[in-house]
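Chains A and B, in that order, give the protein sequences.
Going by the working numbering, the first sequence opens with residue 11, and the numbers climb by one from there.
Going by the working numbering, the second sequence opens with residue 18, and the numbers climb by one from there.
These are calculated hints, taken from the structure and not from any lab test.
Hints may be right or wrong, so weigh each one.
Examples of chain A residues lying across from chain B (beta carbon under 10 Å, computed) [what the hints assert, rightly or not]:
id : residue
1  : Phe-157
2  : Arg-158
3  : Gly-159
4  : Leu-168
5  : Ala-176
6  : Val-177
7  : Phe-181
8  : Trp-182
9  : Ala-239
10 : Gly-240
11 : Leu-277
12 : Met-292
13 : Leu-312
14 : Ala-316
15 : Ser-326
Ideal placement from N, C-alpha and C gives every residue a C-beta, glycine not left out.
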Amino acid sequence: MTARIRKRTGQFFRMRRFKTQVKSVTDTSSTILGEAVARATPAPIASRIRGLSDRSMAWLFITPAIALLLAVNIFPLIWAIYLSFTNFRANRPNAALESVGFSNYSRVLNDPNIWQAMQTTAHFVFWTILLQTLIGFSLAYLIDRKFRGHAFWTTIILVPMMLSPAVVGNFWRFLYQPQIGLFNHIVSFLTGIPPSSFEMLGSVRLSPWAIIIVDTWMWTPYVMLICLAGLRSIPDYIYEAAEVDRASLWRQFWSITLPMALPFIMLAVLFRGIENFKMFDMVTLLTGGGPGSTTEVASITLKREAFESWRTGRASAFAIILFVAVFGLANIYVKALNKVKQR
Amino acid sequence: MSSVNAAHSVVEPSRTSKRIAATIVIAYAVITMIPLVWIVLTSFKSPPDSISYPPKIVFQPTLEGYCNLFTTRTRQTPEYITSLGAPTSTCDEITRSRNMVIAGPSNYWPRFQNSLVIAFGSTFLAVSLGTLAAYGFSRFKVPLAEDLLFFILSTRMMPPIAVAIPIYLMYRQLGLSDTALGMILLYTAVNVSLAVWLLKGFIDEIPREYEEAAMIDGYTRMQAFFKVVLPQATTGIAATAIFCLIFAWNEYAFAVLLTSGAAQTAPPFIPTIIGEGGQDWPAVAAGTTIFVVPILVFTILLRKQLLRGITFGAVRK
Chain A
11 MTARIRKRTG QFFRMRRFKT QVKSVTDTSS TILGEAVARA TPAPIASRIR
61 GLSDRSMAWL FITPAIALLL AVNIFPLIWA IYLSFTNFRA NRPNAALESV
111 GFSNYSRVLN DPNIWQAMQT TAHFVFWTIL LQTLIGFSLA YLIDRKFRGH
161 AFWTTIILVP MMLSPAVVGN FWRFLYQPQI GLFNHIVSFL TGIPPSSFEM
211 LGSVRLSPWA IIIVDTWMWT PYVMLICLAG LRSIPDYIYE AAEVDRASLW
261 RQFWSITLPM ALPFIMLAVL FRGIENFKMF DMVTLLTGGG PGSTTEVASI
311 TLKREAFESW RTGRASAFAI ILFVAVFGLA NIYVKALNKV KQR
Chain B
18 MSSVNAAHSV VEPSRTSKRI AATIVIAYAV ITMIPLVWIV LTSFKSPPDS
68 ISYPPKIVFQ PTLEGYCNLF TTRTRQTPEY ITSLGAPTST CDEITRSRNM
118 VIAGPSNYWP RFQNSLVIAF GSTFLAVSLG TLAAYGFSRF KVPLAEDLLF
168 FILSTRMMPP IAVAIPIYLM YRQLGLSDTA LGMILLYTAV NVSLAVWLLK
218 GFIDEIPREY EEAAMIDGYT RMQAFFKVVL PQATTGIAAT AIFCLIFAWN
268 EYAFAVLLTS GAAQTAPPFI PTIIGEGGQD WPAVAAGTTI FVVPILVFTI
318 LLRKQLLRGI TFGAVRK
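Just chain B, with the same shape it has in the complex (with noise of 0.2 Å):
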């Protein structure tokens, strides 16, 4: 804030503007956060606690939530539980408390790993096929290069459903339903689009110079790009696969539809965890939670690039 006094200050909004814009804008960021808290909030509190009229702040916090996500249980006779001796954890303990015993894990950690190797495959291959045809696009006449372009970009416009329905034949016919391989190239040809418009934005501003230079010393076209181009482009790569795995990660129209068991990712999971009597909130909060932590993170770290990503690169700072 050096800049008040400094000889622009013509254009430098005025002391009180600021503090008001500073009120307004804090007000915005406060309320905005609230359904987030209250996500966290109800992740540690019981299930009575979690339905109480009016709703509860001030709460014993419990991880019963985390237990019941993890777990499925059974109902047993007190006669039962004392039978079964001390009890072996946490979990165990909360359990018993409620005249339950845990029967098995849930289905919960399954459904977060087909989470993982889904994003993270599609991501890897989308940004791979993505960085070589974005300098493909950048670096040579490729005939019809604007409407290419644009036919990459359309493909995002079809609604999921659109896509599902022949999606899901052709996925029948060729036994990839409900199969890893089928999600990945799926998400894949979705991130494709934005991955090649990101990249090439990113490759465009790598001057040629280099690789020409490069290959003037030896260097084959190949051994420019993958010596030359690529650990310039580090950052834009880095950037594009945060977007594709947030894609991928978030996604459920197509996982809804294509997915039931075996590979089925957490998005469709957890609106279906339910306790005795509907939805069984705090453990609905507690995946929640557990899901969208990755993604504070990578919003964190990403913020400076999220514009470009989040308007296809038609938007540079």
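Bound-form chain A, shown alone (with noise of 0.2 Å):
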């Protein structure tokens, strides 16, 4: 605190030798005339010759990230919305553009691997958000309980949600192998199944789960540090109320700590939510879609539209969709989020 105070003090004087430095040097160069005029100027036009006014400083600070921005992310949208109304191919530049008005969107909407993928994004989303509130929540619930040494073992925790998920999505893709992958002998060490019966990555009906284990497995140290945020924000002089009205700790949880610790839990709920709609990194690295299309979530759809059958103007006008969707959705659910944290 004292040094904090010198600090302080030390800039105050700092700024007093910069005055005084300011004031011999006017002191040489100004005439008797522009001392006079100052004088006679009333404060807000002085400040306003001085330096800029405050509206103007505001624009000359925050233009240059809006700039960036309208340069970098929303002139290529308007341009994406524009291509998503002509049949533009990126691979025939210079093939002649036809406006197609509405078709590329109802070719989008009609078309059914497009809502194979949807399913598949909404599944994925579910049930890795369901995991990972659930093992997240109670991890931070336990974590909260303070034992020796729980801070070590939070940081611990935390390591896989700052990885890369494209560089360590391809690591799982090791791990997952039927015979030589870790993965299938750690299952059959503790169910006894034999580790070459099954392939996470191979068979239909595992690849979609062995893409919700790899995002739980980094992910839900994320929604676990949301929550224990959400659990420390909890005032203890509550907690004592309850124990002096003699509540049961299962009443405790129930009616304090997780009604008080929901906007925490919908507001992780909410940053996942967009993040694994867009999911495209990981699950690319780790089936490529496959096999088949069950694990082709939206993005991977949308590359192959664009990149690979190169029909840029209709994977423009699912682009615009897919970004209309999270748009909205995150909308109503932030609406949602509010009532919540307002009750």
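From these two lone chains plus the hints, build me the complex, please.
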């Protein structure tokens, strides 16, 4: 505390010195007339002469970031909207561009493959969120018992979410190998099923679960961390009051812990939902959408349309639909979240 | 743990419940580390050991994976290899024992360098622009501030592939495809949204009075910003920088679609490391290990700031 005060006073004195320096410079160079004008000028005008107005200052600070976002995010988005109404193909840039109206959109919405991909994505998003919320909240609840060394173990648990989903997803392909992979051998050790009797990545039934397991492994810590913040935000005196009223631990959990941590859990679900709706890197490297198209999530279908079939116009329409869907769902969800918060 | 007998022990969990909690959490932590430990172990295995059935836990460690990661090799006749004379390095020796000679360096190191340049370059830009904008939003009455901030956030909701389609076309026109500059600009744009939100939170916490005092003392707004606000915001800026760095370091979707050679980063490269007969798993594991180590260090440094960074500053501790 004292160190902080000392730092502040130090700053104060540095400022003072700076001011006197400025004064000495102006003293030598300014004319008597200039001083008279300065003295006669009312304060607001003086500040306007000395620097820019606050409004133009604000734009000076904000414009570079906004300009970059406009150039690299918004301009391309508008371009994509434009392309979604044409028959443009990126591999034939010189072909005649024709406007096709809404036919790209109607084709996307009537394409069974795309609905299949949306279903796969929904399955993936639902199960990952469910598992991550259950495991993440339980872990947070246990860590909040504040046993000896809990900080250290929390840090260990956090490691997977910091890693590159692509690089680590690629390595999981090795762990899932039926003969040589570690995963099958661990399952075999625990259950007695022979390790080469099932293929996580090769079977239609298991591959959707293969990607769910890796995603849960990576992102449970994320949900856990947010839940932990929620649990720690509950003040002790509420529990003390409950204890005085002889509320059972079970009752305390359902009446205090869960409702008060709910906004945090919902926030975690929102962030994970948005992220997993866009999922591309980990799944691409793990299964590439296969076998067949059993793990082909929306982003992989989009990539195939855009960069393998080169139907840029139709892919753009699909991209816009996806964006509107995420944006719309997120907005509805945020409204619900705010209602829970106000309660 | 001095609080066991403290006055508020009424909410302190009992010893048994603590012990049960510790057991479960530690068990989870150990399980969650298995894949990572396996990556490191595999990187020190020889290729035959890495694909043995059942998987080997005890094995003779070797640097072959790391040698294979950094070199390209060609198969040669034993007569030719004996005619070469004494091997010049450990890698040389290992390679020759497999009847091969080192033909040259692999692309891993250039790709790793690209990762460094692009991640650090974009982080520097994103944090600089983000700090300015965050200060603007925090201190001035910006018209439509709420809408602008939400707009900034919403740019993060677009699926990367959806952004990549027009960016791909735009970069092709501008000659930015497969250049480090193009990737830096793209990552900066993605990271600026995070930087603005995080830094706004940090700057909001610095009392306005400091700058006002400085300005009364004759500082201009700019001087007050650079000499009063920036030093106060150092911790926040450092935390934001590390989050931007981690994103740019780990990013795959843009990198694989927009770079193919000169500007390719490590994440799209590592999965393409192949040996004889499929992926060279020890080399892949070695590449993964080297790539992951910086992030592990950051995680440990960052653990206190982690929460803010991953929630766009929506949750504070």
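Hint-by-hint comparison with the structure:
1. Phe-157: Status holds, d = 4 Å.
2. Arg-158: holds (6 Å)
3. Gly-159: holds (7 Å)
4. Leu-168: holds (6 Å)
5. Ala-176: holds (3 Å)
6. Val-177: holds (5 Å)
7. Phe-181: holds (6 Å)
8. Trp-182: holds (7 Å)
9. Ala-239: holds (5 Å)
10. Gly-240: Gly-240 (chain A) check passes; min Cβ-Cβ to chain B is 8 Å, inside 10 Å.
11. Leu-277: holds (6 Å)
12. Met-292: holds (9 Å)
13. Leu-312: holds (5 Å)
14. Ala-316: holds (5 Å)
15. Ser-326: holds (6 Å)
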